[in-house]
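J.: Each chain, written out:
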Amino acid sequence: MSDVKKIATRESYGKALKEMGAKIPNLVVLDADLAGSTKTAVFRDAFPERHFNCGIAEGNMMSIAAGLAAAGNIVFASSFAMFAVCRAYEQIRNSVAYSQLNVKIAATHAGISVGEDGASHQCLEDIALMRTIPGMTVMCPADDVEGRWAVKAAIEHEGPVYIRFGRAAVPVVFEEGHQFEIGKGAILREGKDVTIIANGLCVASAMEAAQMLEKDGIDAEVINMCTVKPLDDELVVRSASKTGKVVTVEEHSIVGGLGGAVAECLSEKCPTRLCRIGIRDRFGESASAAVLLHYFELDGEGVYRQVRDFVRK
Amino acid sequence: MDAQALKKTANEVRKGIVTACFYAKAGHPGGALSSAEIYTYLYMVEMNVNPARPDDPDRDRFVLSKGHSCPGLYAVMAEKGYFDKEELKTFRHLGSRLQGHPCMRYLPGLDMSTGSLGQGVSTAVGMALSARIQHRDYRTYTLLGDGELEEGQVWEAAMFAGAKKLDNLCLIIDNNNLQIDGSLEEVNSPYPIGEKFAAFGFHVIHADGHDFEALAAAFKEAKETKGKPSVIVCKTLKGKGVSFMENVVSWHGKAPDEEQYKIAMADLERIGETL
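Going down the list, the sequences are from chains L and Z.
Quick note: the first sequence uses my numbering, first residue 1, plus one each step.
Quick note: the second sequence uses my numbering, first residue 314, plus one each step.
Isolated chain Z, as found in the complex:
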């Protein structure tokens, strides 16, 4: 997939996020929109995954440790062909496979059920460890929020991954600098993020989380790093692509109403036309 196509896909993912949250009348659009390029790069370029074989033992694994950002994951899975895009409109409805936070027992292609912050990263560590025991070549990726770094379990997982030199593990931090109650600094700053992971034995890479060239270089560097796990700290903008949601903390966890939905989709249509 070339750069232009990736940008178009990311824009479609954003439409999917806004649509899913609108039809659900709930959900977390802000931190899903900030991860749209990350999701797109992972599923369209980086990861060895095939919607026709979601149980392939050699597939790459993805754990959405920031589970609330799942409208973005669902939207990219729809783009990849795991299910029809129409199903995004069932998000958070009774009986839907698209639960409010991901449940692996409902939807093939989800590698882990997540939602409780700090736990997903540890499960990803378990998957990376399993690859080593079973002599498999797959890589494990996990996306964390920057606010999530306040959970102590993240650092328990990081300590273990560093100590065991899990170089088949790649953490991605969506550093949009906002959490529910305000900016990271206002709440309980996890900064400096890179230095902390370096101290835990990680190879640290910084990237612009909305720039596909930067993401490509970062994931390449992570894959080529041997003897230690990698973390890619992605600078992002919460709510990216929807004018009234950008960098506005209140859009962490609420849905647009009908009028807002129309504006959001118009914003994204306009962006799409420029691509």
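Same shape as in the complex, but just chain L:
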């Protein structure tokens, strides 16, 4: 897919923050000494009086965000997913979410595509953790277009939101101006033999896999599921009823993330054969993003193989 335009969703985040900062005077952004990497520095350079670096203290940052929100601000708090979510989980739960405050946790460098930094920095549990918190909206945009939309949608949504962004440049899947809605999945490709539900950078892999499956005579339906919570149950059930086989694909642990959410939905509403593709209950490794995506079978080829084997089983 070398001819496809690639942009990291963290770049989309910085761009959208700056754009919205000009329109929304009470938009305040916090970072924890990673502003250059998370791209909140783009906002900082435009609106220095509304950007605060909390230093390397993520728990404090989340609670400060809660205080700022309680005083009438819309607050984005950013760090790498590992530190924003895993380290500051309890602050997000108790300071932010329990009071239903208007804090948007925008975490970057999620998943194995962090690359060389290795397992200590590769968060594979963030979607699962955020999904357990009452009232939390959880999004994992697929590309630059959806990434920028997610920031705007989070601002319009009253209450806590978690958005997951990535470090690595990923293919642009959507046309500019594509219509999105929180809690609504979208069928990117219609098919009748198997449903592939993906989000984040795995959407591009799923689309690539679907093309390869076609050559094997397997007609795959591909669904982009940016919002993991609230999940678009209706779409999941409708597609599962049609194809009778569902595969989830995510750059996250197969425990508790998109795969977990879809499994919960299907087992209650429409029991269907399910295959969860993702990181199989283990930690990551050091290597380049491309090498790791191949190693963990999350590139187009890896997804293709796994879906093919599942369908033929």
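Derived by calculation from the structure, the hints in this document are not laboratory data.
Note that beta-carbon positions come from the ideal geometry of N, C-alpha and C, so glycine has one too.
Some hints here could point you the wrong way.
Unchecked claim - Each pair of labels, with its calculated beta carbon distance range:
1. L:Arg280 with Z:Val500: 38 to 44 Å
2. Z:Ala529 with L:Glu116: 57 to 63 Å
3. L:Lys6 with Z:Pro367: 49 to 55 Å
4. Z:His448 with L:Ser37: 27 to 33 Å
5. Z:Asp369 with L:Ile24: 20 to 26 Å
6. L:Ser288 with Z:Asp369: 54 to 60 Å
7. Z:Val500 with L:Val255: 34 to 40 Å
As the list claims (entries may be wrong) - Footprint (simulated), chain Z over chain L, 3 or more residues, beta carbon under 8 Å:
8. 47 to 61
9. 90 to 97
10. 203 to 212
11. 299 to 305
Add chain Z to chain L, keeping to what the hints say.
T.: Using the frame of chain L, we list chain Z on its own:
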């Protein structure tokens, strides 16, 4: 409110604390009783708050970082007129606005939901920061326990407040020297408290937390301090006012039974008669 009236109000707050915990058959009376004068001074004198306008954007803010001490906060809010004192008897009951630890979504007038130690102080920092961004004159107060100072987040918050020179922020430490498992020194001493905050860029004030004159002078000094946040380290007695609870660690988190409740209320009635 004059000194005599303040003392009487603090005594009423203590009755409210004991009553709330008795009817709840649970709660944390010890560290609420030690803060009764602090609560009373804040709500009756120091803070610009009005029960009729709990959402006023220019009101002073109060965050109870030691959230378990909320029977005292609820009792002083009742005295201030946020709600009827009878409601104190619903504390910790299903459907009550008076949750076991404060929830701002349940009760107007609460500026933050707290209970998990170390977090409230950071939220207060956020409120103080917001006043600066929004060019508002309000001040933010937050009450911490001395045991709470063992939470690392307190020092993350202190470092940030000191670095950003948040002089509209005032921390109050209820230094009753007892935490659940024993005295501070027995558990994990945060001493010396004042020196630590000074090193984090705070103006440090020490006061007798049961003496209204001392509290008045301390809050005045805090308000007049510019260019750095203030902390008032209040020496207090856990369980103050109830004979059998004073300085007894086991009264951190349990309720009096009926007989104990009668003794406690009689203690407080007697104190009230001397005022």
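J.: If a hint holds in the structure, say so; if it doesn't, say that too.
T.: For each hint, the structure was consulted:
The supplied range of 38 to 44 Å is met by Arg280 (chain L) and Val500 (chain Z), whose beta-carbon atoms lie about 43 Å from each other. A beta carbon spacing of about 60 Å between Ala529 (chain Z) and Glu116 (chain L) agrees with the range 57 to 63 Å that was offered as a hint. Between Lys6 (chain L) and Pro367 (chain Z) the beta carbon distance is about 51 Å. The supplied range of 49 to 55 Å therefore holds. Checked against the hint of 27 to 33 Å, the C-beta distance between His448 (chain Z) and Ser37 (chain L) comes to roughly 32 Å, which is consistent with it.
Look at Asp369 (chain Z) against Ile24 (chain L): about 23 Å separates their beta carbons, and that is inside 20 to 26 Å. Checked against the hint of 54 to 60 Å, the C-beta distance between Ser288 (chain L) and Asp369 (chain Z) comes to roughly 55 Å, which is consistent with it. In this structure the supplied range 34 to 40 Å holds for Val500 (chain Z) paired with Val255 (chain L), their Cβ-Cβ distance being about 37 Å. Coverage of the segment 47 to 61 of chain L by chain Z holds [criterion: at least 3 residues with CB-CB distance below 8 Å; count 8].
Interface restraint, the segment 90 to 97 of chain L with chain Z: holds (4 residues with C-beta to C-beta distance below 8 Å; minimum three). With 0 residues carrying a beta carbon less than 8 Å from a beta carbon of chain Z, the segment 203 to 212 of chain L misses the three-residue requirement, and the given coverage is violated. Residue count for the segment 299 to 305 of chain L with a Cβ under 8 Å from a Cβ of chain Z: 0. That is fewer than the three needed, and the coverage hint is violated.
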